[in-house]
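**Student:** Here's the letter readout for the chains.
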Amino acid sequence: MKHIVTINKATLKDSLKKPGCGECQASCQSACKTSCTVANQECQY
Amino acid sequence: MAVIFTATYTCNGGFKLSELMHKFKRLDMNIVVDPVSGSIHVVDDIVYDILDYYGSYNNDDIVNFLRNKYNEDDIKDAIKEIDELKENGAIFTEDIYKDITNVRGDSVIKAMCLNVAHDCNLRCKYCFASTGDFKGGRKLMDFETGKKAIDFLIKSSGKRRVVEVDFFGGEPLLNFDVVKQLVEYGKEQAKKNGKIIKYTITTNAVLLDDEKIKYFNETFTNVVLSLDGRKEVNDNMRVRIDGSGTYDVIAPKIKKFVESRGEKEYYVRGTFTAKNLDFAADALHIADLGVYEVSVEPVVEKDNKDYTLKEEHLEKIFSEYDRLAEEYIKRYEEGNPFSFYHFKINLDNGPCIRKRLQGCGAGFEYIAVTPDGEIYPCHQFVGIDEFKMGDLEHGIVEKEMQQNFIESDIYKREECTKCWARFLCSGGCYANNYNINGDINKPYDLACEMQKRRFENAIAIKAYKLLKGDDNDKKI
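Listed in order, the protein sequences are those of chains R and S. Quick note: the first sequence uses the working numbering, first residue 1, plus one each step. Quick note: the second sequence uses the working numbering, first residue 1, plus one each step.
Derived by calculation from the structure, the hints in this document are not laboratory data. Since the model is a prediction, treat every value here as computed from it, not as a measurement. Don't take each hint at face value.
[Unchecked claim] Label pairs and their calculated CB-CB ranges:
{"id": "1", "chain 1": "R", "residue 1": "Q44", "chain 2": "S", "residue 2": "L207", "range": "29 to 35 Å"}
{"id": "2", "chain 1": "R", "residue 1": "D14", "chain 2": "S", "residue 2": "K442", "range": "31 to 37 Å"}
{"id": "3", "chain 1": "R", "residue 1": "Q44", "chain 2": "S", "residue 2": "D209", "range": "32 to 38 Å"}
{"id": "4", "chain 1": "S", "residue 1": "R67", "chain 2": "R", "residue 2": "K2", "range": "28 to 34 Å"}
{"id": "5", "chain 1": "R", "residue 1": "D14", "chain 2": "S", "residue 2": "E311", "range": "33 to 39 Å"}
{"id": "6", "chain 1": "S", "residue 1": "Q403", "chain 2": "R", "residue 2": "K2", "range": "48 to 54 Å"}
{"id": "7", "chain 1": "R", "residue 1": "E42", "chain 2": "S", "residue 2": "D52", "range": "32 to 38 Å"}
{"id": "8", "chain 1": "R", "residue 1": "Q44", "chain 2": "S", "residue 2": "K412", "range": "21 to 27 Å"}
{"id": "9", "chain 1": "R", "residue 1": "K2", "chain 2": "S", "residue 2": "G438", "range": "49 to 55 Å"}
{"id": "10", "chain 1": "R", "residue 1": "E42", "chain 2": "S", "residue 2": "E94", "range": "23 to 29 Å"}
{"id": "11", "chain 1": "S", "residue 1": "N304", "chain 2": "R", "residue 2": "Q44", "range": "19 to 25 Å"}
Glycine included, every Cβ here is placed at the ideal spot set by N, Cα and C.
Assemble the whole structure, with the sequences as input and the hints as a guide.
**Tutor:** Here it is in structure tokens:
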């Protein structure tokens, strides 16, 4: 494409294939302690 | 003669197409986010402008709108590229997750905030814990209560192998001997029960010394140290009982800790208020101390104090986040990088969509335990009677309250349903919502606006680095 550079593909939609294993971080508890940011966490599956 | 354009209003589940994407300019880039698919695009000015009309007007109208600004063939070419993205499900994607049944009946407690000290050696003016005692009197947790808490965590964690204990307060180093005893006890119990316990601690660093630094480096997965930034800023808020500032005591200790920490996780975390709206300078000051992992957070205060953040401060706060992002890139280019907690974003291996429908596990995956053994949904609810869920003797008895947390997800909140950032923040903080609006499901709009600006900068930084060929997610 000449006008558009895609830097991230449809990763969210693809994650529907994952089972939701629950191994990820529960809350903000071990980082900032005041606001839960989910987008910076890593999938543990 | 007036030109009449034909509006082709497109309705997708009640949304205009323009509401199904988010676009913004940052770091000299035009960025387009498709929230539902997770796709992110960097586009040229033509596409950026076309997106103001695409879906609401036909192609001829769009060409007419923009022909004075761009070449007609380029406009048509750019429209075709947008068409292609749309066909490939990479823009204007309708929300397809609403009907996912988010079954959390099988959730287990996987993290515990252990308030080993409801007392503090500081009297920080903005403290959410009422300067350390959570309005329940100054007290320390004894070893027996701590043991019961660890037993409760292990018992409540089901088949999950890795669980977390965060020593918190007040100031947990006021009860350091019990912390060490509990870590030893936790190690024994983890071994017996086939678990791994990760330990973290949040401290004001006043009592940090060489022995404790060595101990934390050997034993603790993560350490969070509090410092607000510049000396005058820190010492205005983070004061001792006699009112004196703490910077001169804690800054050297924090530097020493960071130098010894190696690759292990830590954060140096500050709070900004209306008193230091130029907080980018504080984040950079912390970085200048040699700290790589920097976090500076907005204060949460509902009462009308002189440091309370208000809507009228938002423009300044936005410009500070933008300035911090620019400085982040400058230092990255100069080979002198730092990390800012809220500019971290994991695009290609972030949490799955099921996690993103409900970010925080307070009350059903995460709990806080007080020195008296009372259980609350999280550290920020401690001391609020209506959120006492139970105690270590009887377990979680307020099942209805727990159910309210379990059933809360982004679709329970009208404000979240249409927000472009809903799968990035995943509903935000229950405690902030309650503290400001009296309802865990009523978003704290000021926090939402700040969060969205941070996400824009996080995405822009990521885009910048990816376009430079740096695709190492973990280093952001």
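**Student:** If a hint holds in the structure, say so; if it does not, say that too.
**Tutor:** Each hint, compared with the structure:
no.	hint	in the structure
1	R:Q44 <-> S:L207: 29 to 35 Å	holds (34 Å)
2	R:D14 <-> S:K442: 31 to 37 Å	holds (32 Å)
3	R:Q44 <-> S:D209: 32 to 38 Å	holds (35 Å)
4	S:R67 <-> R:K2: 28 to 34 Å	violated (18 Å)
5	R:D14 <-> S:E311: 33 to 39 Å	holds (38 Å)
6	S:Q403 <-> R:K2: 48 to 54 Å	holds (53 Å)
7	R:E42 <-> S:D52: 32 to 38 Å	holds (36 Å)
8	R:Q44 <-> S:K412: 21 to 27 Å	holds (25 Å)
9	R:K2 <-> S:G438: 49 to 55 Å	holds (52 Å)
10	R:E42 <-> S:E94: 23 to 29 Å	holds (28 Å)
11	S:N304 <-> R:Q44: 19 to 25 Å	violated (42 Å)
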